[in-house]
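**Student:** One letter stands for each residue in the lines below.
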Amino acid sequence: MNKLSRRQIITAGLAATAGVSGLAVAAKLAGRYGLIPPDSGGIYGPGETLTYAAQRVLTRHTLAREFSQSLISKDPFANPVDPLGEEFQRFQSMAFVDWRLVVDGMIARPASFSVAELKSFPARTQITMIGCEEGWTYIAEWTGVPLSHILELVGTLPQARYVVYRSIQPETWDSIDMAEALHPQTLVSYGMNGGELPVPFGGPLRMRVPRQLGYKNVKYITRLTITDNLKQFGKGLGSGALGAEDGYAWYAGI
Amino acid sequence: MAETISPRHSLLVRVTHWLTVLSFLVLLVTGVEILISHPRFYWGETGNVNMRPLFTIPIPSSRSSVPTGYGYVLPDQNGWSRYLHFQSAWIVVGTGLLYVAFGFFGGHFRRNLLPARSDLSPERLGISIAQHLRFERPSAKEAWSYNVLQRLTYLVVIFLCFPLIIWTGLAMSPAFESLAPATVLGGHQSARTIHFFVTGFLVVFLLIHVLMVVLAGFRNRMRAMISGRVTEPQEQV
Chain A
1 MNKLSRRQII
11 TAGLAATAGV
21 SGLAVAAKLA
31 GRYGLIPPDS
41 GGIYGPGETL
51 TYAAQRVLTR
61 HTLAREFSQS
71 LISKDPFANP
81 VDPLGEEFQR
91 FQSMAFVDWR
101 LVVDGMIARP
111 ASFSVAELKS
121 FPARTQITMI
131 GCEEGWTYIA
141 EWTGVPLSHI
151 LELVGTLPQA
161 RYVVYRSIQP
171 ETWDSIDMAE
181 ALHPQTLVSY
191 GMNGGELPVP
201 FGGPLRMRVP
211 RQLGYKNVKY
221 ITRLTITDNL
231 KQFGKGLGSG
241 ALGAEDGYAW
251 YAGI
Chain B
1001 MAETISPRHS
1011 LLVRVTHWLT
1021 VLSFLVLLVT
1031 GVEILISHPR
1041 FYWGETGNVN
1051 MRPLFTIPIP
1061 SSRSSVPTGY
1071 GYVLPDQNGW
1081 SRYLHFQSAW
1091 IVVGTGLLYV
1101 AFGFFGGHFR
1111 RNLLPARSDL
1121 SPERLGISIA
1131 QHLRFERPSA
1141 KEAWSYNVLQ
1151 RLTYLVVIFL
1161 CFPLIIWTGL
1171 AMSPAFESLA
1181 PATVLGGHQS
1191 ARTIHFFVTG
1201 FLVVFLLIHV
1211 LMVVLAGFRN
1221 RMRAMISGRV
1231 TEPQEQV
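Note that the protein sequences, when read in sequence, are chains A and B. Here the first sequence is numbered in the numbering used here, starting from 1 and rising by one per residue. Here the second sequence is numbered in the numbering used here, starting from 1001 and rising by one per residue.
In short, the hints are calculated from the structure, not lab data. Treat the numbers as computed from the prediction; the structure is a model and nothing was measured. Mixed in with the good hints there might be a few duds.
Now the in silico label distances, taken between C-beta atoms and shown as ranges [to be verified]:
id	chain 1	residue 1	chain 2	residue 2	range
1	A	Gly-19	B	Ile-1127	43 to 51 Å
2	B	Leu-1025	A	Asp-98	29 to 37 Å
3	B	Leu-1012	A	Ala-27	25 to 33 Å
4	B	His-1017	A	Ser-5	23 to 31 Å
5	A	Gln-89	B	Phe-1205	32 to 40 Å
Footprint (simulated), chain A over chain B, 3 or more residues, beta carbon under 8 Å [said to hold, decoys possible]:
id	region
6	1035 to 1048
7	1068 to 1080
8	1095 to 1105
9	1169 to 1178
10	1187 to 1193
Quick look at which bits of chain A chain B covers, simulated, 3 or more residues with Cβ under 8 Å [claimed, not checked]:
id	region
11	51 to 59
12	69 to 75
13	135 to 144
14	207 to 216
15	243 to 250
Idealized CB from N, CA, C, for every residue including glycine.
Model the full assembly from the supplied sequences, consistent with the hints where possible.
**Tutor:** Below is the structure:
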């Protein structure tokens, strides 16, 4: 092996400096354009950040496939949930007339909507697939209010970056970025296959995010919080017991 | 003398080879972990436990909702398995792009992988197949070049299996699927099933590849892929 020449050492030094400063600039740009997920720390952070950034760049406005009526699954599978508590059963016995969706956080007009009020808003019906991270899928027709409509109604402030949504079930909450929240197919859904949304599938209200996996589609939602920072929620990883705090990725577009 | 002989495999081929080995093994282990949460396969767009599968893998599952016939449920390892699967997939994609760019522009594919036209005649192919079936030890000159079956197999792995396994993997992503629908692959579940079969093919390739390395002289072939040196004289290259 030859000894390293002075020129080689200088070239290598310059290349290393360029590489490190390039990475620093890339990280800064990625931060500014919202390409860093809340779970970007730790040993899986680099892969997770690449996945989230790449998909945000490539799929910010793309639409999830919508299917024909004939492809609707005859036997959709309702993933089992933890037993629903007494509070839920009280709401259920009253046909959910008292169920409220509270909206707070970085908005001009904090609000609270009943299911009937949500049903009076412009609705969207779409036949889309829901896929579990385990690998199984089904197709159903979902009806609901586009989340973007609710965000407009309450006067979401321009600095908002995430929407946090909570279930009535303890520790069950998740969040999406504004790109996903303002996406036309992201619904607060209350109907399935032409009827009410059945309880095993998340009724009365379920967040429907067709471009992300099933676990982001939280069932029994009661509250939306609009924020510019996820650090103040739980462990700051962007989702609760069924997501990042249980070791699952916050971004579930893959 | 030693310094004037060029290495058997270029530095880039050696580095990308071992990076791919490492990432593939990680993808395999984490892929099996993810598979355990739903060891059933379907064809078309949809598939779940309420539907009849195309086939099932007779192993226990990490989900109690999957009927397996076993009386117990394995622990859930999907969180870290999925993180690591995708991180390794990024390494495979990056390494693969680097390797393919080098292969085209550096002449590696033309020089080392493209079979000579004369080698593709039926009788020459027949001779090569017969030599492999007799487990004949390769001649000394083969330490410096790939035989025709090797070239064809590597081309299939590089240009068919890896692109297909990456594409079918991405086709299972609901976000990527909004960009490039899985319809062309026969649907979401079909993509998952193809992903599984390509994995199986690559595992068989890996086993035969290692067996061939052992038969051809394990120490020498490993040294060629690690340091680039070969003990046999470089005769006719």
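**Student:** The structure should be examined with respect to each hint, and the outcome stated for every one.
**Tutor:** Now the hints, each set against the structure:
{"no.": "1", "hint": "A/Gly-19 <-> B/Ile-1127: 43 to 51 Å", "in the structure": "50 Å, holds"}
{"no.": "2", "hint": "B/Leu-1025 <-> A/Asp-98: 29 to 37 Å", "in the structure": "55 Å, violated"}
{"no.": "3", "hint": "B/Leu-1012 <-> A/Ala-27: 25 to 33 Å", "in the structure": "27 Å, holds"}
{"no.": "4", "hint": "B/His-1017 <-> A/Ser-5: 23 to 31 Å", "in the structure": "28 Å, holds"}
{"no.": "5", "hint": "A/Gln-89 <-> B/Phe-1205: 32 to 40 Å", "in the structure": "56 Å, violated"}
{"no.": "6", "hint": "1035 to 1048", "in the structure": "holds (count 8)"}
{"no.": "7", "hint": "1068 to 1080", "in the structure": "holds (count 3)"}
{"no.": "8", "hint": "1095 to 1105", "in the structure": "violated (count 0)"}
{"no.": "9", "hint": "1169 to 1178", "in the structure": "holds (count 8)"}
{"no.": "10", "hint": "1187 to 1193", "in the structure": "holds (count 3)"}
{"no.": "11", "hint": "51 to 59", "in the structure": "holds (count 4)"}
{"no.": "12", "hint": "69 to 75", "in the structure": "holds (count 3)"}
{"no.": "13", "hint": "135 to 144", "in the structure": "holds (count 5)"}
{"no.": "14", "hint": "207 to 216", "in the structure": "holds (count 4)"}
{"no.": "15", "hint": "243 to 250", "in the structure": "holds (count 4)"}
In the structure shown, a violation is registered for the earlier hints numbered 2, 5, 8, in ascending order.
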